[in-house]
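Student: Here is how the chains run, residue by residue.
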Amino acid sequence: MTETQTQAAAAERPATTTMPLAKALNSALREAMRADEKVLLMGEDIGPLGGVFRITDGLQAEFGADRVLDTPLAESGIIGTAIGLAMRGYRPVVEIQFDGFVYPGFDQIVSQLAKLTARHRGAVSMPVVIRIPYGGHIGAVEHHQESPEAYFAHTAGLRVVSPSTANDAHWMLRQAIESDDPVIFLEPKSKYWSKGEVLAEPAVDLHRTVVAKPGTDVTLVGHGAMVHVLLQAAQIAEREGTSVEVLDLRSLSPIDWAPIVESAQRTGRVVVAQEAPGHVSVGSEIAATVAERAFYSLEAPVLRVSGFDAPFPPAQLEDVYLPDADRVLDAVDRALAY
Amino acid sequence: MSAGTAIRARAAEPIRLLDEDGRIVETDENAEHHALAAQLSTDDRLAMHREMVATRAFDIEAGNLQRQGKLGLWVPSLGQEGGQVGAAWATRPQDTIFPSYREHLIALHRGVEMLQILDIFRGARHGGWDPLETQGMRIYSLVIGTHALHATGYAMGVRLDGRCGTGDAEADEAVVAFYGDGAASQGDASEGLVFAASYEAPVVFFVQNNKWAISVPSSRQSRFPLHERARGFGLDAAWVDGNDPLASFAVTRRMLDAARQGRPGYVEADTYRMGAHTTSDDPTRYRDDAEVEAWRRRDPIERMAAHLRELGVDDAALAAIGEEATEAAADVRRRMLAAGGPASDDIFDHVYSEPHPLMVEQKRALGEFEASFGDER
Chain A
1 MTETQTQAAA
11 AERPATTTMP
21 LAKALNSALR
31 EAMRADEKVL
41 LMGEDIGPLG
51 GVFRITDGLQ
61 AEFGADRVLD
71 TPLAESGIIG
81 TAIGLAMRGY
91 RPVVEIQFDG
101 FVYPGFDQIV
111 SQLAKLTARH
121 RGAVSMPVVI
131 RIPYGGHIGA
141 VEHHQESPEA
151 YFAHTAGLRV
161 VSPSTANDAH
171 WMLRQAIESD
181 DPVIFLEPKS
191 KYWSKGEVLA
201 EPAVDLHRTV
211 VAKPGTDVTL
221 VGHGAMVHVL
231 LQAAQIAERE
241 GTSVEVLDLR
251 SLSPIDWAPI
261 VESAQRTGRV
271 VVAQEAPGHV
281 SVGSEIAATV
291 AERAFYSLEA
301 PVLRVSGFDA
311 PFPPAQLEDV
321 YLPDADRVLD
331 AVDRALAY
Chain B
1 MSAGTAIRAR
11 AAEPIRLLDE
21 DGRIVETDEN
31 AEHHALAAQL
41 STDDRLAMHR
51 EMVATRAFDI
61 EAGNLQRQGK
71 LGLWVPSLGQ
81 EGGQVGAAWA
91 TRPQDTIFPS
101 YREHLIALHR
111 GVEMLQILDI
121 FRGARHGGWD
131 PLETQGMRIY
141 SLVIGTHALH
151 ATGYAMGVRL
161 DGRCGTGDAE
171 ADEAVVAFYG
181 DGAASQGDAS
191 EGLVFAASYE
201 APVVFFVQNN
211 KWAISVPSSR
221 QSRFPLHERA
231 RGFGLDAAWV
241 DGNDPLASFA
251 VTRRMLDAAR
261 QGRPGYVEAD
271 TYRMGAHTTS
281 DDPTRYRDDA
291 EVEAWRRRDP
301 IERMAAHLRE
311 LGVDDAALAA
321 IGEEATEAAA
331 DVRRRMLAAG
341 GPASDDIFDH
351 VYSEPHPLMV
361 EQKRALGEFE
371 ASFGDER
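One line per chain: the protein sequences are A and B, in this order. 1 is the number of the first residue of the first sequence in UniProt numbering; add one for each residue after it. 1 is the number of the first residue of the second sequence in UniProt numbering; add one for each residue after it.
Bound conformation, chain A alone:
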């Protein structure tokens, strides 16, 4: 590239705006609704209140109660009627108030939403997005801090994604709404108030895994809020002389294997971390697949760091339950010791 070309590229570089992750979601919803009148929002308290996390703040005022539906308090009813609206040609975006409240709608998600396209042999699409604020670190009561991603990633017919940055929150939500398939959109609620730059254009596809930080000695893999713990762990490890690569999964179903396998082949050591319990989890799938596809490159078994296989504890114990940088670094040390 010539100097002139470089300068031109810089001039054309999309303007960025800095905003909290929550605001990035709000602007994505607003833009999606402006772009397509078939996009509807449904959920509990999403009207005048703007949702308990204010993600839909101001949207009912702009688009009216026919497009921002404050629904009766019934998750199965919300998702079931969203399915009917999708059959009618709408593109509903459903807000589930908290992770642990999605289960009353579980049948409608896994037996209906996920399978209706196949049941119709492709004649009917299900462009429904289900937004779920998930994960811990907010000191809340029971059912408000869970990580239910494995249930959905296990179900054929769904797409499951989780952004970790404001930019991804904005653009991945836009992409999810544009998808003709159902998308479970997991929002890292502990990062709602973290600010970041939002680009004027999407830079990466919905289902791509990206390198959040390059490194050479160990690969750390995670998604959502955990990516920030991994970056913190990487910073500490670097001070101790270990070069750590951090991958932000972004998509949990499908999983973008190429960057993960490629990184594993370079570093030979992989640690997967997540807030969710480890048993039969996304981390398990990554460990198994890396073992299958990068076996001869591995210097150590793929190690998993996760929430314990116990119910999410009362808030005073959440910092014990949730993996922090120390637990990640302990796994890094064990991986390096092989």
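Do not rely on the hints blindly, as some may be mistaken.
Unchecked claim - To list a few chain B residues with every Cβ distance to chain A over 10 Å, as calculated:
1) ARG23
2) LEU36
3) LEU71
4) MET274
5) ARG285
6) ARG333
7) MET336
8) ALA371
Said to hold, decoys possible - Covered stretches of chain A, as calculated for chain B (at least 3 residues, CB under 8 Å):
9) 81–91
10) 110–118
11) 172–184
To be verified - From the structure, some residues in chain B lie toward chain A, with a derived Cβ separation under 8 Å:
12) HIS126
13) LEU132
14) ILE139
15) VAL143
16) LEU149
17) THR152
18) VAL158
19) HIS356
Hint data in this document are derived by calculation from the structure and do not stem from the laboratory. These numbers come from a predicted model, not from an experiment. We treat Cβ as the ideally placed atom computed from N, Cα and C, and that holds for glycine.
For this one, chain A is given, so just place chain B on it according to the hints.
Tutor: Just chain B, lined up with the frame of chain A:
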């Protein structure tokens, strides 16, 4: 408390226009419904009879096919044809229908092929048809009660589209969901009533109370009439003789036309499941022959035939309808036995609307695995 004790507060009789012998029943209460039924000409009534007879012949043939090992399962609708034909004729062409899995007559009425229904039960497909090609007849739904919400959501969409409430019954759209007394206990059925009432959705729930949810009597599902329960949710509700095609037509037509104007409704059809729940069921383990025999005297097809004779239709015409039905059933049997099975690719091809790497990879891997056997398989 046993499940067999009497249900409280039941109204004396469901709305009935034809008695068990096919004679017109005139009361002060049913005059409005007689007026609606008067829209049906003798030819219409003959056509309704033809649909019931054809469905029953198909139903019996499908049961035979299951017993001969050609279907994995069959779900008979024997005895429920009267309510179904009335409801089917009550819909207007622009209406959308969300069935459960026992609505064979409704499906055939809207143009679904018999073979498409059999495809589900011979293990070839999970759904079988594109609703855009079957005059608004959606596919069967097997998880009890779930589709009550899909129907309600669809009706909410009709309202958002402005395709109801104009006062023009020929153009305004309505939606009807079919389910049964067992499904009425499901949370989704109740949530459907909540959402329908809340959003004034143009939807009618047509509930065939056939008295048995597999082996459990309707008295275990509710001690209180289901249509009264619906009123408690704020819906208009009616109780109709579900073995009376004319009454089912009139009541459902009235409720659907009210729904088009934003008043969701609920029809409880008093009927009886004459056959087993499915071919895997054995009703002799849980119900008396006497009960079944009592309902046999209320057979909707016999009732309609008697009514048609009263209207001057001769026995030869009725016999011809029977022969035609037997022939159609034999024809679908021949066609089903000649039909091929699904291809392995069907497992992957329609799981997602957009390309998905796992589907691509696994389809390719299965293809290579199958090809690796050469001609050995």
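Student: Taking the hints in turn, state whether each one holds.
Tutor: Taking the hints in turn, this is what the structure says about them:
no.: 1; hint: ARG23; in the structure: holds, 42 Å
no.: 2; hint: LEU36; in the structure: holds, 28 Å
no.: 3; hint: LEU71; in the structure: holds, 19 Å
no.: 4; hint: MET274; in the structure: holds, 29 Å
no.: 5; hint: ARG285; in the structure: holds, 29 Å
no.: 6; hint: ARG333; in the structure: holds, 24 Å
no.: 7; hint: MET336; in the structure: holds, 18 Å
no.: 8; hint: ALA371; in the structure: holds, 22 Å
no.: 9; hint: 81–91; in the structure: holds (count 10)
no.: 10; hint: 110–118; in the structure: holds (count 5)
no.: 11; hint: 172–184; in the structure: holds (count 3)
no.: 12; hint: HIS126; in the structure: holds, 5 Å
no.: 13; hint: LEU132; in the structure: holds, 7 Å
no.: 14; hint: ILE139; in the structure: holds, 6 Å
no.: 15; hint: VAL143; in the structure: holds, 5 Å
no.: 16; hint: LEU149; in the structure: holds, 3 Å
no.: 17; hint: THR152; in the structure: holds, 5 Å
no.: 18; hint: VAL158; in the structure: holds, 7 Å
no.: 19; hint: HIS356; in the structure: holds, 6 Å
Going through the hint list in order, the structure satisfies each hint without exception.
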